[in-house]
Structure formats: C-alpha cells, structure tokens
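**Q** Here is what each chain is made of, one letter per residue.
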Amino acid sequence: MTQQMTETKPSHSEMPYVRIDHVTKRFGSFEAVNQVSLDIEKGEIFCLLGGSGCGKTTLLRMLAGFEEPTEGAIYIDGVDVTSVPPYERPVNMMFQSYALFPHMTVAQNVAFGLRQDGVSKSDALLKVREMLAMVQLEGYESRKPHQLSGGQRQRVALARALVKRPKLLLLDEPLGALDKKLRERTQFELVNLQEKLGVTFVIVTHDQEEAMTLASRLGVMQSGKILQVGSPTDIYEFPNSRYVADFIGSVNLFDGQLTVDEPDHCLIHCEALGLEVHIDHGVSSAPDALVTVALRPEKIRLSREQPAQVENCVQGWVTGVAYLGDSTRFLIQLDNGTQVQVTRPNIDRHDEHLAADERVWAFWEGNSPVVVAR
Amino acid sequence: MWNAIQAIRRRLTTQVGRKAVIGIPYGWLLIFFLVPFLIVLKISFSNVVLAMPPVEPILTWGRDQVLQIRVNLSNYTFVFGDRLYVAAFVNSLRVAAVSTLLALLIGYPMAYGIARAQGAWRNILFLLVSLPFFTSFLLRVYAWIGLLGRGGPVNAILMHLGLIQEPIQLLQTDFAVYLGMVYSYLPFMVLPLYSAIEKLDLTLLEAAADLGCRPSKAFFAVTLPLTREGILAGCLLVFIPAVGEYVIPALLGGPDTLMIGRVVWDEFFANRDWPVASALAIVLLLILSVFVLLLQKVQAGEEEPS
Numbered sequence: 001m002t003q004q005m006t007e008t009k010p011s012h013s014e015m016p017y018v019r020i021d022h023v024t025k026r027f028g029s030f031e032a033v034n035q036v037s038l039d040i041e042k043g044e045i046f047c048l049l050g051g052s053g054c055g056k057t058t059l060l061r062m063l064a065g066f067e068e069p070t071e072g073a074i075y076i077d078g079v080d081v082t083s084v085p086p087y088e089r090p091v092n093m094m095f096q097s098y099a100l101f102p103h104m105t106v107a108q109n110v111a112f113g114l115r116q117d118g119v120s121k122s123d124a125l126l127k128v129r130e131m132l133a134m135v136q137l138e139g140y141e142s143r144k145p146h147q148l149s150g151g152q153r154q155r156v157a158l159a160r161a162l163v164k165r166p167k168l169l170l171l172d173e174p175l176g177a178l179d180k181k182l183r184e185r186t187q188f189e190l191v192n193l194q195e196k197l198g199v200t201f202v203i204v205t206h207d208q209e210e211a212m213t214l215a216s217r218l219g220v221m222q223s224g225k226i227l228q229v230g231s232p233t234d235i236y237e238f239p240n241s242r243y244v245a246d247f248i249g250s251v252n253l254f255d256g257q258l259t260v261d262e263p264d265h266c267l268i269h270c271e272a273l274g275l276e277v278h279i280d281h282g283v284s285s286a287p288d289a290l291v292t293v294a295l296r297p298e299k300i301r302l303s304r305e306q307p308a309q310v311e312n313c314v315q316g317w318v319t320g321v322a323y324l325g326d327s328t329r330f331l332i333q334l335d336n337g338t339q340v341q342v343t344r345p346n347i348d349r350h351d352e353h354l355a356a357d358e359r360v361w362a363f364w365e366g367n368s369p370v371v372v373a374r
Numbered sequence: 375m376w377n378a379i380q381a382i383r384r385r386l387t388t389q390v391g392r393k394a395v396i397g398i399p400y401g402w403l404l405i406f407f408l409v410p411f412l413i414v415l416k417i418s419f420s421n422v423v424l425a426m427p428p429v430e431p432i433l434t435w436g437r438d439q440v441l442q443i444r445v446n447l448s449n450y451t452f453v454f455g456d457r458l459y460v461a462a463f464v465n466s467l468r469v470a471a472v473s474t475l476l477a478l479l480i481g482y483p484m485a486y487g488i489a490r491a492q493g494a495w496r497n498i499l500f501l502l503v504s505l506p507f508f509t510s511f512l513l514r515v516y517a518w519i520g521l522l523g524r525g526g527p528v529n530a531i532l533m534h535l536g537l538i539q540e541p542i543q544l545l546q547t548d549f550a551v552y553l554g555m556v557y558s559y560l561p562f563m564v565l566p567l568y569s570a571i572e573k574l575d576l577t578l579l580e581a582a583a584d585l586g587c588r589p590s591k592a593f594f595a596v597t598l599p600l601t602r603e604g605i606l607a608g609c610l611l612v613f614i615p616a617v618g619e620y621v622i623p624a625l626l627g628g629p630d631t632l633m634i635g636r637v638v639w640d641e642f643f644a645n646r647d648w649p650v651a652s653a654l655a656i657v658l659l660l661i662l663s664v665f666v667l668l669l670q671k672v673q674a675g676e677e678e679p680s
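Chains A and G are the protein sequences, given in the same order. If you number the first sequence the way this note's numbering does, the last residue is 374 and the count never jumps. If you number the second sequence the way this note's numbering does, the last residue is 680 and the count never jumps.
Hints are computed from structural coordinates only; laboratory data are not their basis. Heads up, some of the hints might be wrong.
Said to hold, decoys possible - Lysine-lysine pairs mimicking DSS-like chemistry, simulated, CA-CA at most 30 Å apart:
| id | chain 1 | residue 1 | chain 2 | residue 2 |
| --- | --- | --- | --- | --- |
| 1 | G | 393 | G | 671 |
| 2 | A | 167 | A | 196 |
| 3 | G | 591 | G | 573 |
| 4 | A | 196 | A | 181 |
| 5 | A | 121 | G | 393 |
| 6 | A | 144 | A | 181 |
| 7 | A | 196 | A | 127 |
| 8 | A | 144 | A | 121 |
| 9 | A | 42 | A | 225 |
| 10 | G | 573 | A | 144 |
| 11 | G | 591 | A | 167 |
| 12 | A | 127 | A | 144 |
| 13 | A | 127 | G | 591 |
| 14 | A | 196 | A | 180 |
| 15 | G | 671 | A | 144 |
| 16 | A | 225 | A | 144 |
| 17 | A | 299 | A | 181 |
| 18 | G | 591 | A | 144 |
To be verified - What follows is a list of derived Cβ distance ranges for each label pair:
| id | chain 1 | residue 1 | chain 2 | residue 2 | range |
| --- | --- | --- | --- | --- | --- |
| 19 | A | 146 | G | 455 | 46 to 54 Å |
| 20 | G | 572 | A | 136 | 31 to 39 Å |
| 21 | A | 146 | G | 671 | 18 to 26 Å |
| 22 | G | 497 | A | 118 | 24 to 32 Å |
| 23 | A | 282 | G | 588 | 56 to 64 Å |
| 24 | A | 223 | G | 492 | 23 to 31 Å |
| 25 | A | 85 | G | 672 | 29 to 37 Å |
| 26 | A | 85 | G | 671 | 37 to 45 Å |
| 27 | G | 497 | A | 117 | 49 to 57 Å |
What the hints assert, rightly or not - If the Cβ cut is set under 8 Å, some of the chain A residues that face chain G in the computed set are:
| id | residue |
| --- | --- |
| 28 | 66 |
| 29 | 86 |
| 30 | 99 |
Ideal Cβ positions, reconstructed from N, Cα and C, are used throughout, including at glycine.
Build out the structure end to end from the sequences listed, making use of the hints.
**A** Structure (structure tokens):
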C-alpha cells in the first residue's frame, strides 16, 4: 500500500491543501465510502452533508486517522498522511459527544494536546488562557466538564481542538447537541473564529441548515458517494440530482417528459400538474427524455384571481395552512388530486391570508424550476 | 382527577418500593451481621471459664437485684502486648497487600481483554472468569495441594524441562500462599475492573490520540484514571477477605506462615480462649474499617476538587 502511494504522489506543485484521492473504505463487504475524490482549499469551511449511514463520518474519521482507507490516498498540505496514525497528524477533531476528559479540569483538557507536544506547563497555561478567552470561557479553568452546561462544554471542546492550531479542524455535528437559540448564536461565532484563526474546517452534519449557514462549500453524500459539491447557493438553486434537490430544503418533485428542447426554452409535460411546464432555458437532453421537475415551495406564488401569465399556472383548493410566523406554508390540492407545497413570506402584518378551502391559482416563473434526471 | 390519583399512587408505590428495596437488605445485614458482631464484641470483654459457652457473662444479676456489668479490657491489652499477635497482624496485612497487587497486575490486562473482546467472545471469556465459582472454594484449594506436591505435575514439568534436578518444596511455602490467594481472589478483582473498563467511552481514547497522545501514554493519562473506581473496588474486594483468610494459609502455608485468620482459629478451637479470639477479630475489623474509610476519603476528595 505504501508503495502504491509514493507512486501516485502528484508531481505538480499546485496541490490543493487537502486532497482526498479516490478513497474507498470497506468494512467487510460493506462499502462505507466509495471512490471519493475531493479537494479542499486552505481556509475553507467545507461541509459534508448527508443522511445517517451515507459515509460522511467515515470520511471524517479517515481524515483524522482513526480509519485507514482501503484504497486511495489522503494528502494534507502536500504530505501523504494515508497511513499516518492520528497522534502524528496535524489535524484535530471536535467530537460530536465533545469527548472531554471527565477527570480533568477545563484547563487540563485544553492543555492536554499542548502537553503531548512537550510544551512547558507555563507556556501551555498562557495558550490555554488565550484560547479560553477566545471562546468566552475565562474564569472556567478549574471547572470539571460535568460542572458545565452543554454550550460551555462545546466551547471547551472547540478550544481544545483549536489550541494546537491544527492545519485542519474536523467537526463532527458541532452544533448537534445544542438547543435552537444557542445553535444560531454559536453558528456565527464558529464562523468568526474560523476567519480569525484561518484554520481550515471540515464539518460533518446531517442538518442542512447547519451546513448552509456554516459552509463556504458543501458536499452532499449518499451511499458512500459525493453527489454534488458546490456553494450553498449552487446546491440549493441548482441541484444536480433528484436526491440533492429533495435532501436540501423542501421541494415539489413532478415527474415528466421532455417535449420541446430549444436553446432558449423547453417544455416538459407533467401528468401530475396537468400541464406543460415552461422553462426558459434549454436542457440539451435527449428528446422525449424522462425527467423530474423540482420546484421549491417558496418560488410558487398564490392568488385568488387568475394571474396575467398563461404558462406555469395551475388551479386548486387550499387544503392545509401552517402559520410559521415568518412564513406560512400552504398545501394546495389540484383538481387532479396532486398536492403542491407552497411557502409564502408574511411580509405585511395585515395581509388577508388565504384560508383553507379557498380556491386559488398557483403560478411560477419560467426560471424557477430545476430539471433533474429521474 | 384520574391523573392526580395515578400520580399519588405512583408516588406512594415508588416511596414504599424504594424503602423496601433499601430496607430489606439493610434489615438482613442488621440481623445477620450487626447482631453477631455485637455478640463477638460482648465476648471480647469477657473472661474465660470452664463452661459451655466457655465465657463469663458480662451482665449478671447480683443478690440485691443489682445489675452488674463487668467489662474486661485485659484481652485487648494482651493482644496488643503480645509480639505474636502483632506480627500476625503485620504479616496478614503484608500478604494481603502483595496478593492484592499481584491480582491487580494480572487482573487488569484480563479485564481489559474481556471488555474489549468482540460480542460472543466477551461472553465466553466472562463465563470462564466466573467458572471457578461452580466448584467449592475448599476443593479448589485442595486441588493445589495435589498440583504443588513433591510428586505433583508442577514438579514433574519443571524436572522434565530440566529446570530442576529433584522435586522442590512448593507446598507449605509463602509462594504457595500467594499463589492460592491470587488464584482464589482473582475473579473478585477482574469483575469490578471489567465493568469499569467496559464503561469507559472509547471516544476519549480517540480524543487523546487526536491530540497527539500515543496509545501507551493514553493508557496512563486516560484509561487508568477513569477506571480508578473499578481498581479501588477490586482491591478492596481482594484485600479485605485476604487479610482474614484462614483456609489458604492453613492448607498451603507452612507452619511459620503466621496469619491472623489462623491465629483466631487456634485461639477459638485449640486454646478455647473465646475472649482473646473475639478481641483479635474486633481489632482486625477496626483495622479494615480504617482502610475502607481512608479509601472512601481519597475517593471523595478526588471527586470534588476545590
């Protein structure tokens, strides 16, 4: 294996900061990670997003060194670390459970990594103080983990992982154990801290909101493979597959068949909507291709009166109304029985809201839907 | 309404249940431990007489309906004044301490291996540790007499390997006593260690490795301190019975293996001096109590650092 790695070491100098090169991990006959290749740039916050069992945690553990790839190689800052044990890697991890040492104080926990590197007690203490100040935990040095709240423990774990200034910080569901209010605050603090220290972050999460707010780029994983890599906007607005469209955010998916495909527009016949969906760009696909139209609920508008536009207009009954404060979610049942989800922002306080059992028109722009393979 | 009744009922049953759960074993201990202890304590303040039982009663009714209580402390002064008894105590503590240490050194890797073994293997190994309990303790100690004897298999193997020319004296030595002690009490060391190691969160070891700690160092920095309670429990479970052990030194030890269990036996049955034997038993109990209290204090002190 080592032999093979020295051979595959790329000669060009433009090597990305972290390179995952055709990595596969098998546990027995189960393939947890399947031929994944991924480049991560220095100073990025990269998010691996996927449902449970998609292989994201295994990939993270291979970056940390807890698992060795069955095939492929991992380079960090140009160095092949594929078989380097975790205690020799310039990588630190913030564990999902935080994994704070219960028998040590906060200061001892944070100093642990420094002490392993032979940093003197007094120097370590200075660095610990500085780090604890950065995560707003001054004065907690002599507390034990069990005397801290969940949010405070999360900060200790972060401080412990960052104090050695690793080349790469791995975060396993970093906000998973915090309540909603705290998560929102911590999200921004985490990003600020990352910008301040310039450490490259790789975050694993199943929570798309966490991924969207934290990441500069994210990779969506399923069944051991990376389906799409891109900025949060790319992934949300231009999903490349039915799975990605469905996984990120809410979406209405309508199966259809391509009937017209010109460079400036295309038409897709959707049985479920009872109309030809008009899309104002071509998809350069095979004629009569079977495709899926993905339409985000917030991109659909509702009106009691018939809208001016002729295309992309359907009529139905309001069957469900869920008031969420900032927005309202409607369930519209078309006359042929198809259910359509629509989300409308509550901009005007005194709006006369649509109510259940009202007859409405639902309509959208020609650039709103995304066409993905079935 | 119904919910309120339910809540009250639940509360009552949990309260009653809780008291019963705690109360029954405590009642058992009270009757079968505290009462005999008090009887022994009473005898230790008494005098020897030629009667059955061979002790003078402490409480007697005098002629004029006067209750006489005679507390005789001479047994205790005798016990502390006699070199033999002091030596027996010291020797017992030493043998028990060495046996405990040996059991810990052997038991920790065993417990670690069992706790880290895969599913089915773990059960098998666990069963093997408790297998000796299926046979009588006495029989197992007797078996060692056969194994260690001059014509026994241990000598035979050593001679076959050419390590010794003729059979050596294994029985009735301190070696045999330590062997018997460690052999007999090892399961009591392994079981609490196992449950402590098994509870240890493996992510903590990953965290240690992640922070640059080699596995060998992580054992001392993380595993050992976090399994301390199991170590203390195991050591107490071995040390306490080992101090007062009678059967093993009697069967495997030599005539000069002086241990307090044998001395107490001799006082009771050979000398029929129940008061001195009782005083010895009380002193032993006090010594062990001091150990337990010290350990508890150490434990409590570590738990709540100021």
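**Q** With a cut-off of 30 Å on the C-alpha distance, tell me whether residue 196 of chain A and residue 180 of chain A pass.
**A** With Cα atoms ~25 Å apart, residue 196 of chain A and residue 180 of chain A stay inside 30 Å; holds.
**Q** Determine whether the Cβ-Cβ distance between residue 497 of chain G and residue 117 of chain A falls within the hinted range of 49 to 57 Å.
**A** 41 Å, violated
**Q** Given the hinted pair residue 196 of chain A and residue 127 of chain A, is their alpha-carbon gap at most 30 Å?
**A** Holds - the C-alpha atoms of residue 127 of chain A and residue 196 of chain A are around 16 Å apart, at most 30 Å.
**Q** Does residue 42 of chain A pair with residue 225 of chain A here, judged by a C-alpha cut-off of 30 Å?
**A** 23 Å, holds
**Q** Given the hinted pair residue 196 of chain A and residue 181 of chain A, is their alpha-carbon gap at most 30 Å?
**A** At roughly 23 Å apart (the allowed maximum being 30 Å), residue 181 of chain A and residue 196 of chain A satisfy the hint.
**Q** Holds or violated: residue 299 of chain A with residue 181 of chain A, Cα cutoff 30 Å?
**A** 27 Å, holds
**Q** For the hint on residue 86 of chain A, does the least C-beta distance to chain G fall short of 8 Å?
**A** 4 Å, holds
**Q** Check whether the Cα positions of residue 167 of chain A and residue 196 of chain A lie no farther apart than 30 Å.
**A** 14 Å, holds
**Q** Is the hinted pair residue 591 of chain G and residue 573 of chain G satisfied, with a Cα-Cα distance of at most 30 Å?
**A** The given pair, whose Cα atoms are some 20 Å apart, holds under the 30 Å limit.
**Q** Do the alpha carbons of residue 144 of chain A and residue 181 of chain A lie within 30 Å of each other, as the hint requires?
**A** With Cα atoms ~25 Å apart, residue 144 of chain A and residue 181 of chain A stay inside 30 Å; holds.
**Q** For a C-alpha distance cap of 30 Å, please report whether residue 573 of chain G and residue 144 of chain A respect it.
**A** Between residue 573 of chain G and residue 144 of chain A the Cα gap is close to 19 Å, so the pair holds against 30 Å.
**Q** Given the hint that residue 225 of chain A pairs with residue 144 of chain A, does the C-alpha gap stay at or below 30 Å?
**A** This hinted pair is violated, its Cα atoms lying about 40 Å apart.
The structure does not agree with the numbered hints 5, 16, 22 and 27 stated previously, though it agrees with the rest.
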